[in-house]
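Residue numbers (this note's numbering), protein chains in the order written: chain A, 1 to 262; chain B, 1 to 806.
No lab work stands behind these hints, which were simulated from the structure alone.
No experiment lies behind these values; they were computed from the predicted model shown.
One should not assume that every hint holds.
[Stated by the list, open to error] Here are some, though not all, of the chain B residues that point toward chain A, as calculated from beta-carbon distances under 7 Å:
#1 Ala74
#2 Gly86
#3 Tyr100
#4 Gly101
#5 Ser221
#6 Val224
#7 Arg709
#8 Arg710
#9 Glu713
#10 Ser715
#11 Tyr733
#12 Arg759
#13 Pro763
Positions of the beta carbon are idealized from the N, C-alpha and C atoms, including for glycine.
Residue strings, one per chain:
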Amino acid sequence: MSEVKTSRIARFVAVAVISVSVVGYFTGLHSPIPPRTVPETAPVENEETGLAANEAASVIPATSYSGMANATLKRHQHMQFTGLKSSTDPLAEIKIESNDKLAALQIRQQNRAYNGAPPTIPHPIDQRSDAACIACHGEGARSVSLRIPRMSHAVLTNCTQCHVENSPRHMMATVFRENVFSGMEAPTEGPRSFPGAPPQIPHSTWMRSDCMSCHGYSGLHGIRTTHPWRSNCTQCHAPSATMDQTLLAEEPQFLPGPQLNE
Amino acid sequence: MNGDMTPADAIQRRQFIKATAMAAATAVAGGTVSPLPILADEPKKRIEWDKAPCRFCGTGCHVQVGVQGGKVVAVAGDRNAEVNKGLLCVKGYHVGSALYGKDRLTKPLLRDGDGYREISWDEAIKTIADRIEAAPERFAFYGSGQWTIPEGYAAQKFMKGGLSNNHIDPNARLCMASAVTGFLATYGVDEPAGCYDDLDACDVLIMWGNNPAEMHPVLFSRVVDRRSRGEKVTLIDISTRRTRTTEACQHYLEMKGHGDLAIANGIAHLLIKNGTYDRRFVDSFCSFKAPDDENPSLHGKAISFEEYKKQLEPYTPERVEELSGVPADQIRMLGDLFGNPALKITSLWCMGMNQHTRGTAINSMVHGIHLLSGHFGTPGNAPTSLTGQPSACGTVREVGTLSHALPGGRDVSDEKHRQQAEGFWNVPAGRINPTPGYHTVKMWESFCTPTSQGGNIGTIWVQVTNPGQTLPNLNKLFNPKGEDKAGLEDKFLIVSDVYPTATTRLADLILPSAMWVEKNGVVGNSERRTQQWFKLVDPPGDARDDCWQTIAVAHELFTRGVDGMKDRDGRFLFEVKDHDKPVPIWEWEHYYDVNVDEHLFEEYRQFSRLKHKDLAPYSEYVKARGLRWPVVERDGQWHETHFRFSEGSDPYVEAGKEIQFYHSSTHDDRAQIWFHPWIAPAEVPDDEYPLMLCTGRVLEHWHSGSMTRRIPELSRAMPGGYLEINADDAADYGLRNGDKVKVESRRGSLVIPVWIDGRGQPPRGSVFVPFFDETMLVNDLTLDAIDPFSKQPDYKKSAVRISKVS
Numbered sequence: 001m002s003e004v005k006t007s008r009i010a011r012f013v014a015v016a017v018i019s020v021s022v023v024g025y026f027t028g029l030h031s032p033i034p035p036r037t038v039p040e041t042a043p044v045e046n047e048e049t050g051l052a053a054n055e056a057a058s059v060i061p062a063t064s065y066s067g068m069a070n071a072t073l074k075r076h077q078h079m080q081f082t083g084l085k086s087s088t089d090p091l092a093e094i095k096i097e098s099n100d101k102l103a104a105l106q107i108r109q110q111n112r113a114y115n116g117a118p119p120t121i122p123h124p125i126d127q128r129s130d131a132a133c134i135a136c137h138g139e140g141a142r143s144v145s146l147r148i149p150r151m152s153h154a155v156l157t158n159c160t161q162c163h164v165e166n167s168p169r170h171m172m173a174t175v176f177r178e179n180v181f182s183g184m185e186a187p188t189e190g191p192r193s194f195p196g197a198p199p200q201i202p203h204s205t206w207m208r209s210d211c212m213s214c215h216g217y218s219g220l221h222g223i224r225t226t227h228p229w230r231s232n233c234t235q236c237h238a239p240s241a242t243m244d245q246t247l248l249a250e251e252p253q254f255l256p257g258p259q260l261n262e
Numbered sequence: 001m002n003g004d005m006t007p008a009d010a011i012q013r014r015q016f017i018k019a020t021a022m023a024a025a026t027a028v029a030g031g032t033v034s035p036l037p038i039l040a041d042e043p044k045k046r047i048e049w050d051k052a053p054c055r056f057c058g059t060g061c062h063v064q065v066g067v068q069g070g071k072v073v074a075v076a077g078d079r080n081a082e083v084n085k086g087l088l089c090v091k092g093y094h095v096g097s098a099l100y101g102k103d104r105l106t107k108p109l110l111r112d113g114d115g116y117r118e119i120s121w122d123e124a125i126k127t128i129a130d131r132i133e134a135a136p137e138r139f140a141f142y143g144s145g146q147w148t149i150p151e152g153y154a155a156q157k158f159m160k161g162g163l164s165n166n167h168i169d170p171n172a173r174l175c176m177a178s179a180v181t182g183f184l185a186t187y188g189v190d191e192p193a194g195c196y197d198d199l200d201a202c203d204v205l206i207m208w209g210n211n212p213a214e215m216h217p218v219l220f221s222r223v224v225d226r227r228s229r230g231e232k233v234t235l236i237d238i239s240t241r242r243t244r245t246t247e248a249c250q251h252y253l254e255m256k257g258h259g260d261l262a263i264a265n266g267i268a269h270l271l272i273k274n275g276t277y278d279r280r281f282v283d284s285f286c287s288f289k290a291p292d293d294e295n296p297s298l299h300g301k302a303i304s305f306e307e308y309k310k311q312l313e314p315y316t317p318e319r320v321e322e323l324s325g326v327p328a329d330q331i332r333m334l335g336d337l338f339g340n341p342a343l344k345i346t347s348l349w350c351m352g353m354n355q356h357t358r359g360t361a362i363n364s365m366v367h368g369i370h371l372l373s374g375h376f377g378t379p380g381n382a383p384t385s386l387t388g389q390p391s392a393c394g395t396v397r398e399v400g401t402l403s404h405a406l407p408g409g410r411d412v413s414d415e416k417h418r419q420q421a422e423g424f425w426n427v428p429a430g431r432i433n434p435t436p437g438y439h440t441v442k443m444w445e446s447f448c449t450p451t452s453q454g455g456n457i458g459t460i461w462v463q464v465t466n467p468g469q470t471l472p473n474l475n476k477l478f479n480p481k482g483e484d485k486a487g488l489e490d491k492f493l494i495v496s497d498v499y500p501t502a503t504t505r506l507a508d509l510i511l512p513s514a515m516w517v518e519k520n521g522v523v524g525n526s527e528r529r530t531q532q533w534f535k536l537v538d539p540p541g542d543a544r545d546d547c548w549q550t551i552a553v554a555h556e557l558f559t560r561g562v563d564g565m566k567d568r569d570g571r572f573l574f575e576v577k578d579h580d581k582p583v584p585i586w587e588w589e590h591y592y593d594v595n596v597d598e599h600l601f602e603e604y605r606q607f608s609r610l611k612h613k614d615l616a617p618y619s620e621y622v623k624a625r626g627l628r629w630p631v632v633e634r635d636g637q638w639h640e641t642h643f644r645f646s647e648g649s650d651p652y653v654e655a656g657k658e659i660q661f662y663h664s665s666t667h668d669d670r671a672q673i674w675f676h677p678w679i680a681p682a683e684v685p686d687d688e689y690p691l692m693l694c695t696g697r698v699l700e701h702w703h704s705g706s707m708t709r710r711i712p713e714l715s716r717a718m719p720g721g722y723l724e725i726n727a728d729d730a731a732d733y734g735l736r737n738g739d740k741v742k743v744e745s746r747r748g749s750l751v752i753p754v755w756i757d758g759r760g761q762p763p764r765g766s767v768f769v770p771f772f773d774e775t776m777l778v779n780d781l782t783l784d785a786i787d788p789f790s791k792q793p794d795y796k797k798s799a800v801r802i803s804k805v806s
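Kindly produce the complete structure, drawing on both the sequences and the hints.
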């Protein structure tokens with residue numbers, strides 16, 4: 001009698017478990033939460049971490065429950081403990097090869113329409129508050145796998161006015177109108193008056209007044225300053241009056257030279 | 001199209017050719033392959049920068065445009081522009097890409113059965129001329145607040161001065177007509193007295209149904225950035241939903257649709273009850289008015305202060321709470337703020353108060369509480385309406401491209417005004433028709449009504465706008481054109497645009513236009529600032545200036561002997577002379593032989609004196625980043641005006657007057673403080689349609705999105721339309737993010753995905769849909785009820801129901 005009862009209970013439990021999991025499985029399949037779209041551009045290796053740049057630059061999404069068993073802790077996977085010291089010492093000398101610079105400029109291009117355009121945001125954002133932006137980007141930071149650029153300009157409190165998400169999380173969109181705009185390229189170097197002279201700043205410094213945002217600790221390796229212990233940049237590197245839209249007389253005036261009598 | 005190559009281009013191109021030739025010669029002579037000389041590379045590498053106002057909204061930011069090899073390659077905020085001081089918004093930074101969408105229209109296209117065939121410009125111009133010549137009185141011009149001043153002026157002169165036809169109206173009718181009637185009813189003359197400088201000086205900023213954090217971000221930053229500098233400024237958001245603006249505000253007053261009418265009355269009620277209104281200001285500079293129900297007109301009837309006070313009596317804070325949904329304490333807070341003369345208060349509004357079936361009333365009432373409390377005329381004290389288009393003020397309000405208006409604040413119904421215009425245009429007396437033409441809603445209704453049933457508009461020419469997406473109640477005012485059984489076979493739609501749109505979809509003739517820095521231009525922004533730019537790059541393919549298109553059609557009619565295209569002396573209406581020799585500007589090859597913009601602007605400038613909206617010569621605008629009118633010459637210098645009607649700033653205020661409303665409708669230098677009663681919206685939710693639908697814009701897309709949806713950075717950030725819904729309502733309907741719903745109103749239906757508490761957060765019982773997506777036309781649902789005076793529709797209050805689509 002009790003055996004029959006037990007087996008009936010067991011059968012009931014089994015049916016319940018199976019139906020719940022079947023329902024759960026199909027509900028999961030129909031979940032409208034969009035999968036994370038990966039940008040189409042070819043991945044560029046990050047010079048320091050070996051991670052694809054897109055990956056390194058974005059927030060790594062939380063592992064799903066189903067994926068837990070096979071999950072590897074991605075950030076640790078690429079840890080290079082030997083390199084740790086130099087990358088955490090903000091004053092260490094930086095060695096940059098010309099390829100590093102080109103690679104860095106290529107990474108920058110991925111979220112800018114042209115050199116000088118406000119970069120788009122490679123991670124989800126709060127739709128209505130700027131506090132979260134400033135919490136991280138106010139100072140900027142860098143770990144082995146994550147780079148948080150510091151704001152290149154003074155604090156402005158309406159971040160999304162200029163910076164928008166580069167792939168929306170709330171809608172699954174893959175098709176867009178094509179556009180053939182080809183933006184101004186980043187300069188590869190500033191003009192020097194002689195080899196070894198400090199280069200002039202080859203871009204506008206308007207909205208990019210904090211040199212260390214890109215060229216400092218939180219910047220891409222290829223465009224970092226080789227001498228981070230110096231902090232008064234414009235002492236040696238002159239900005240351009242034209243590019244900075246400085247209002248000067250159209251024709252500079254000069255005193256006449258000494259008049260030579262014949 | 002070498003005709004309009006700039007001298008600098010020509011030199012560069014010559015240098016390049018020369019250098020290439022030399023390199024080839026050297027290679028041949030020396031028998032070696034020499035590397036390309038440095039010069040050959042230079043024309044491509046050099047970036048030339050020039051100024052232009054941004055193409056998009058009415059803020060009027062100046063940008064620096066970087067041009068390389070004949071293409072726009074970069075944009076920077078113009079640091080020397082007072083409006084934006086070097087800052088832009090994300091649309092402005094990417095405005096250059098708007099030129100390079102891959103599907104730019106480059107050939108005139110004529111409908112041929114279900115499709116189109118490419119035709120020559122010659123054939124296109126002749127086709128339009130045929131339509132007009134056959135029935136000039138059945139022709140209408142539908143223009144835009146994105147028309148440049150010369151474009152709008154040419155269209156205006158062509159219609160009213162040439163065809164004696166007043167059926168010309170702009171999309172701005174849908175956008176700021178109620179602001180115009182509000183200014184006229186209050187001050188007797190249009191446009192704000194204050195300017196953006198008020199944003200730097202105010203202690204309190206009140207935004208009435210306005211979301212500047214997304215729609216006028218540069219102006220919003222101008223205020224919120226003051227807080228980063230340690231200044232104290234109180235921001236108040238009076239709105240029907242939470243937005244990005246709300247997050248930056250100290251106070252959020254959530255109101256029901258039309259609650260603003262009650263709130264304004266509540267403030268006036270408290271000012272009088274508490275004795276905190278500015279008695280001296282009111283006694284010196286104001287009179288009182290109320291609507292005249294027996295004989296309705298924009299100028300109503302005069303009432304005494306006692307009558308005004310009596311009418312306001314019912315609007316106690318508690319009663320206002322009932323009507324508006326805003327707690328009585330918050331009404332008292334507003335009353336106290338306005339009652340404090342030490343505070344400087346600026347009000348901003350845009351579509352919330354304008355797209356309103358009582359738009360004229362609420363505009364007048366907000367002016368009224370500023371006047372009643374004396375918060376007017378000093379820096380930081382101003383009621384200021386914002387515009388959404390780059391030249392809604394310049395082209396629509398000042399050039400007067402409205403069905404009842406003539407340039408410079410004149411009316412077609414005023415004989416003296418007609419005579420003045422006929423004089424400036426040198427056309428025979430009596431040329432201008434004294435009867436106002438059709439306003440926007442009437443024009444499109446007539447176009448979509450069969451001729452046999454009295455639909456007496458047969459042809460509409462649309463320039464620089466997208467009515468197939470932006471008109472209200474599209475199923476009545478636009479879509480019938482495309483329906484088989486509508487009986488509209490004889491109707492003909494001409495559309496000049498830069499991209500295929502919801503409007504070109506039903507066009508019979510599509511004309512490819514030049515845009516922004518592909519042509520010369522002059523525009524006027526929200527703060528009376530007139531701004532100029534030069535053509536910097538060539539338009540693609542056969543795309544040509546809208547202004548040229550109008551002049552070419554006018555000339556075609558002229559050659560056919562149409563009298564209207566001749567002036568008093570038998571000369572062409574748009575004759576332009578260079579060194580006493582007429583230039584054939586109707587031939588595209590010669591259009592840029594002279595600066596047609598400058599010629600039209602100088603002619604138009606004569607109109608600007610009547611209402612003291614004096615404009616400077618064109619050459620002054622070339623030098624400046626815009627100048628705010630009246631621009632008056634003193635000591636050989638041209639001076640702009642910051643605060644109108646204020647002594648010391650406005651040169652037309654007589655000494656010792658302090659404040660002088662010199663265009664007062666009562667001719668006594670006084671402004672009118674209006675009483676208007678609270679009235680319910682034209683449509684309110686009921687059992688059948690239980691939700692209130694509001695429509696609007698988003699940061700990334702400008703209006704109908706025809707430009708911004710072709711800019712990758714903007715389109716990726718905001719790819720498509722959505723329905724914003726309150727989380728609790730969503731739960732009730734069993735909706736999750738991304739679920740599709742069918743939205744239905746009494747006029748149409750729409751299927752659209754849901755975004756719960758997304759960009760904005762509507763309160764329970766209301767939903768919001770942006771109108772930028774051409775595949776999810778929310779205007780299939782909206783109401784075409786209009787304000788009785790401004791004829792502007794209300795896009796913000798339509799009753800709808802929703803159901804989940806599986």
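Going down the list of hints, with the structure as the test:
1. Ala74: For Ala74(B), the interface hint holds, since the closest Cβ of chain A sits about 4 Å away, which is under 7 Å.
2. Gly86: holds (6 Å)
3. Tyr100: Nearest chain A Cβ about 4 Å off; hint holds.
4. Gly101: Holds, about 5 Å.
5. Ser221: holds (5 Å)
6. Val224: With a closest approach of 5 Å, the Val224(B) hint holds.
7. Arg709: holds (6 Å)
8. Arg710: holds (4 Å)
9. Glu713: Holds. Min distance 5 Å.
10. Ser715: holds (5 Å)
11. Tyr733: violated (14 Å)
12. Arg759: holds (5 Å)
13. Pro763: violated (15 Å)
The structure fails to meet hints 11 and 13 from the earlier list, while all remaining hints are met.
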